[in-house]
Amino acid sequence: MQPASWNALWIVRTRRRVAATAAAGVLLLLGASGGQAHASPRQDPSLSPNRTVTGQLEVPEALILTLPAEADSEGYAAPSLPQYNYKFTPPGPVHNLRLVIDATDLRGIAEIKPNYEICKAKGLVVTCINKGKAQDHTYASWVTLTAAPGARAGATGDLKYRLSVDESKTPVTATTQVTAGTPKLVISELPDRSGLRTDDIVELPFKLRNIGSTPVKEFSLGLGATPGLEIVRLPRNCQWESQGPFCDFRTPVAAGQTVQFSRPIAVRVTEEALRPWVGYRIEPRLLPDPADKRGTPGTAPPVSLVPTSGGDFAAAEEGYPGARKLELAAVGNHADFSVKADGLKSAGGLGEPASLTFSVRNEGPAAAFRIDNKDLVYLDITLPPGATVPAPSDDGGDGEEEEQDGRPCVPHGERVYRCPIGYFFDSDEGLEPGEVRQVILPLADSAFTGCVTARLVPAPGFSTDDPHPANDIAAITANVRSESESAAKSEANSAPSTGLIAGATATGSVAVLAAVTLVVRRRRPEGS
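According to mature numbering (1 follows the signal peptide of the UniProt record, and there is no 0), the residues represented by the sequence shown are -39 to -1, 1 to 489, in order.
It cannot be assumed that every hint is accurate.
Unchecked claim - Here are the simulated lysine-lysine pairs, DSBU-like style, with alpha carbons at most 35 Å apart:
(1) K121 - K94
(2) K83 - K145
(3) K178 - K121
(4) K130 - K145
(5) K121 - K48
(6) K81 - K48
(7) K168 - K48
(8) K168 - K145
(9) K74 - K145
(10) K130 - K81
(11) K168 - K178
(12) K130 - K178
(13) K121 - K74
(14) K178 - K145
No lab work stands behind these hints: they were computed from the structure.
Kindly generate the complete structure, drawing on both the sequences and the hints.
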């Protein structure tokens, strides 16, 4: 199962990549021909027949080809689509652009096919010709590379480019190194911990193994932790960024080799810990220059890689072989969840359908997160007789049905709707201290009088250890009348009706907190 989202918890410095390898740019210049072009003051220099240009061609430094033996469970081996950019200086159109992409050096390693209409293949050479005017192009990918049948893991060769235009007699050339076979670095699974207390230090002894067919030359370790955990003693070869720490390693890991960190990474348990978790992810990639200061370096001695054996390398989550999560459950901490009745409000004013609104707040001191991305608590809303909720729309979508932060409340017994509190929109966000989630339950066009109650209910498999059950319940009393009833009463009393707004928080048992009145227009059947 693919993790819901790495969000800010994954501090992985990714770049635009081709196949499994990041594309570090190679910048080459297309030389200008002849002397300086002299254009009339009234003439566009880009249209001068004597115009000369300097071209720039940026190509990937390296590409990796997935071998058939490395195909996924469905037999799919992803092709490589080398992307490149070209532009011309001074700007303006150029004529008869010709780009030759030569894979002759990759015979027995790769096959090449054009995927753009102006390109044609002859053997292992693809020629792309634009006979008209051409402009700058970014992230072009006019060919597809796949591993050749019988290609040997680790075999390498060069993919060569040659770009020319009429405005320059000197073409530009560039080269991309292509390797058959992919590195695949996985990280060991560490056991969850429980019974931890505030200020406990937990060490994370990471082990890694290259289960791919080629060496891993460089890689990054990204770390992230939910509130309740602090990463401490960050090594000097790791850096803090706005999203958290990451560590770069330039020590190659051979195919089949197992290594471990020379010393563990440590985290400290804080008072916000309930059931927090640490996320860690490994990604092979080309690293930037060490002088590139992308954050604040750690202050502890650097961590290195040393050969080892053993380790739990059971299959990681599909699609993320180098990503793991580790839960560190604490004792003695709690998260006090409370519910507040915000009110009963008309969506469009007097005579329009209404909706009930409640707010669920984490009063702290602990943050509530779940490693399995399931719900933290439920809010059960009980409606009085006569109150109904509109059915889902006919098109199969959610339509105007009741929602809580994008997730629907569902019927849960007679006149009861259960609304999930916690994870939504496939994110891995829990509820931090002071954070509020709002629950909105739309009502159908019906008149009713009575008390609406909302009660927090624990979700299976998770406890907030809430010490204050008194604030787990809230209520609204409502007198919702039809439009015709309101009109008759208004004529008799000569007093205008008010659109409703009311709400309060209950303490202890359910009480009548506010009396509210809303005029609801009944929709007439079409044709009446």
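Checked hints:
1. K121 - K94: holds, 24 Å
2. K83 - K145: Roughly 34 Å separates the two Cα atoms, so the pair holds.
3. K178 - K121: holds, 23 Å
4. K130 - K145: violated, 44 Å
5. K121 - K48: Roughly 18 Å separates the two Cα atoms, so the pair holds.
6. K81 - K48: With Cα atoms ~22 Å apart, K81 and K48 stay inside 35 Å; holds.
7. K168 - K48: violated, 45 Å
8. K168 - K145: Holds, at roughly 14 Å.
9. K74 - K145: The hint holds at about 26 Å.
10. K130 - K81: Holds, at roughly 23 Å.
11. K168 - K178: holds, 17 Å
12. K130 - K178: violated, 39 Å
13. K121 - K74: Holds: K121 and K74 sit about 14 Å apart, inside 35 Å.
14. K178 - K145: Judged against 35 Å, a Cα distance of about 11 Å means the pair holds.
When the structure is compared with the earlier hints, violations turn up for hints 4, 7, 12 and for no others.
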